[in-house]
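S.K.: Okay, here's what each chain looks like letter by letter:
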Amino acid sequence: MKLTTTLMASTAMVMAGTTAFAGSHMANEMTIVSWGGAYSASQKAAYHDPYSEANGVTIVNDESSAEAVAKLRAMSEAGNVTWDVVDVVAADAIRLCDEGLALEIDPDTQLADGDDGSKASDDFGDLLVSDCFIPQIVYSTTAGYRTDLVGDTAPTSICAFFDLEAYPGMRSLEKRPINNMEWALLCDGVAKADVYDVLETEAGQSQAFAKLDTIKDNVVWWSAGADTPQLLADGEVIMGTTYNGRLFALIEEQNQPVGMLWDAQVFDLDGWIIPTGLSPEREARALDYIMFATDTQRLADQAKYISYGPARASSAPLVGKHATLGIDMAQHMPTDPENAKNTFLYNYEWWADYRDDLDAKFQAWLSQ
Amino acid sequence: MTDTANSGPVLAADGRPLKASLNRALRRQKLRAMLLIAPLLIFIMITFVVPIGQMLFRSVENQIVSEVLPRTTQMLVEWDASSGEAPDNTFFAALTKDLMVAVEKKQHTRLGSRLNYETTGVSSLFRKSGRKVDDMGEGYTDQFVAFDPTWADPAFWADLMEAPSAAQALPQTTDAYNAFASTIMSEDDQDPRAEQPWHTVYLSLHQDLTADPAADFSGLPAEIAAAQAVAGGFAMDDLAAAYIDIDEDWGTVETWQTIQTYSSKFTNGYFLNAVDMQKSPDGAEWRPEDQQIYLTLFVRTMIMSMTITISCILLGYPVAWLLANLPMRQANLLMILVLLPFWTSLLVRTSAWKVLLQQQGVINDIVVWLGLVADDNRLALINNATGTIIAMTHILLPFMILPLYSVMKTIPPTYLRAAKSLGATNWTAFWRVYFPQSVPGIGAGSILVFILSIGYYITPEIVGGTKGVFISNRIAYHISSSLNWGLAAALGAILLAMVLLLYWAYDRIVGIDNVKLGG
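Here the protein sequences come in this chain order: B and P.
Be aware that the first sequence starts at 1, since it is given in our numbering, and climbs by one per residue.
Be aware that the second sequence starts at 1, since it is given in our numbering, and climbs by one per residue.
These aren't lab readings, by the way, just hints derived from the structure by calculation.
Values in this document were obtained by computation on a predicted structure and should not be read as measured data.
Don't be surprised by glycine CBs; every beta carbon is placed ideally from N, CA and C.
None of the hints are false.
27 Å max Cα-Cα, derived DSSO-like pairs, lysine-lysine: (1) P:354 <-> P:467; (2) P:106 <-> B:71; (3) B:341 <-> B:304; (4) P:30 <-> P:19; (5) B:44 <-> B:304; (6) P:354 <-> B:216; (7) B:119 <-> P:128; (8) B:71 <-> P:265; (9) B:304 <-> B:321; (10) P:467 <-> B:216; (11) P:132 <-> B:119; (12) P:265 <-> P:106; (13) P:409 <-> P:420; (14) B:44 <-> B:321; (15) P:128 <-> B:192; (16) P:132 <-> P:105; (17) B:304 <-> B:119; (18) P:106 <-> P:132; (19) P:105 <-> B:71; (20) B:192 <-> B:216; (21) P:265 <-> P:279; (22) P:516 <-> P:409; (23) B:71 <-> B:44; (24) B:341 <-> B:192.
Quick list of the computed label-pair ranges, beta carbon to beta carbon: (25) B:349 <-> P:163: 40 to 50 Å; (26) B:131 <-> P:480: 20 to 30 Å; (27) B:149 <-> P:431: 51 to 61 Å; (28) P:510 <-> B:197: 52 to 62 Å; (29) B:349 <-> P:134: 18 to 28 Å.
Non-contacting residues of chain P with respect to chain B, defined by C-beta distances greater than 10 Å in every case (computed): (30) 13; (31) 156; (32) 178; (33) 331; (34) 343; (35) 437.
Bound-form chain B, shown alone (with noise of 0.2 Å):
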């Protein structure tokens, strides 16, 4: 009897002093889902090395981001989820809170305060577009344009994409309306302000089309983030859109001849999300390393790196050098005063409820 009394007392006893110390009802490997590339070795290197080390944990690298929704439900599906923390844009995040796939997060609980002091919720402000959506970066959509083809005068502003008179020659757009849709708005003469407002009304979207059936001949459509800069590359167009951090890479680690256009960039989240059906201890260490991952100096240090914008307020003044090109980095974010005179906001909400219908009109319209 006594015997027993003292057993259950230390078991109670290693209990509370296992839940004090945590880790121990952690997982002790996960895998992280993200993009692949220069991005991924960018978060390995302010994240995955740092977290591992100080805690342990063998971390996989997944590069599915690309199918990363399509996979997580089919995953769920079959009720086997084998990815613990998944790097998404923001717009999929939203997708997967919706289909209850994603975990939701409090933001001033389970995320680290600002180094400033400030709370998680203000430091990120209104970069929380979704309950389960934890942002990593700020980047950009934006374009460039190649310097020795666009004859004397540079393109300044995002209409020259639809000035075949100043600038002939093919330019690159992304096969999607996302963007292009508002662009095209823009160059028509709406104000910033309202260019939601007309692309809700049929007038509008066909104000739009028209605006980019003026360009329609003279477009090569992409899909994948790497052919703008491949197609600079070539000569096979003078101007085109990607990701900011792609023409970082092109100009400055490849030096091509290929300028930044910075005007009317649209600014996109890219973060993490913890997707559902995990077990507590899986989901612990998910939160513990997302916790870890998405502080001031962590998000500051990824910019070392890539050149893409950290999500938190507290981290902008930290960012410093790029790791091997010893430039300074803060001037190539798209954040950057100078960069940001004129940008566009994506509205996540909007697209989610345009996105199904406007995407069928622009595949009708691509294929005319």
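Following the hints, complete the assembly by docking chain P onto the known chain B.
M.R.: Below, chain P without anything else, positioned relative to chain B:
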């Protein structure tokens, strides 16, 4: 006596009827054969037939609407959309009860995405309403509790609802309370005896109490009768106004009509979408012209796949002939050249075509250098249908050459010599003697190439631009981007049906026995 013996069955050695005995032996043989192939059969069923069947089943499946909104869809059966007016408060009450459960189970946004495929804006409608639904009906709760604080007591509610006559006397309330109790137990692990019910329960109670002023609640606690006396005088919450305040779409007929149209458990809506049509109150109708795309893509996929098959025959036939007729040493070398690209990654080959075909690419540079075309008028060989046909012909060529080769290898060269020695010209000997014998190879190669090419999507995506993409590209988009798996399944089912139809036609015209993959 002898008659009966003669007309009786023939008996086997063991005295049983011979027919039965034979059948039994045959059955045993069949069973053994079945057992031998059973592992393969089960494997194919589990890994192939069942998943494909499940996927295709999604094209008609539509339970989500009636499962998430059971009360609302039930009421909408009676609603007449042609009245031109959105439903009244009783519908919004049913909607509130459904949404309350759906929000707790996080199903309302899924339903929103589902209905957004049909009507733009429903996605945010449900997301926004889900955030505010737990305030709906608060007025009733306040009035009941103000009248008698006992109504705020969870234990009182639990006892009331456990009373045997409650279900009959208060049907709406019992239904709402059960929904509340089972949801908080399964979703939040909470005890209904310790939690005050949702506003929807009070709302239902008000509905029950006011439904029939003469109703007799004598079998139930006295609080009910007391509440009944005052419930008629309660201020009514204007739920419709509250919802329209969240989003004005709740006040439009279109929103309710979408829910009504898609409330059945199975739908042909996805199939209609897949052929550029849509459901409407008056039956199926064509989509607006600026949204029609799938029929174009189906036709394009067929025509381009046939073009690719024909170009594979034209290019592959001479190569296979050479392979079959050259001396062993050269033939082996040629064979390696045929197989080498086959072993290279598909993406590498496709990207190589990009380098060759683009406007500043190798081929254009050469023709410009030769002076065949002007520098400012370079050929558009990629990002269009031409690019897709060139790249896919190259990629699928081995699938044509190999069956052709294996058939040609079995045609004895002596036949050609015999034909010539009998006076045939080269052409006649080939066309009348050699070609007919190689037809089974062409048949096998064509089926392989055609079926592979209608399902291709990576190559068309990379080199096809806008005019060279196939239906599979849209299927891939709906699987991986829009998550509209129902539509993807419908498109896939139609594609499968088209292939089976063509296969059947081929069998009728050429005969499937006339296809050889070898010797």
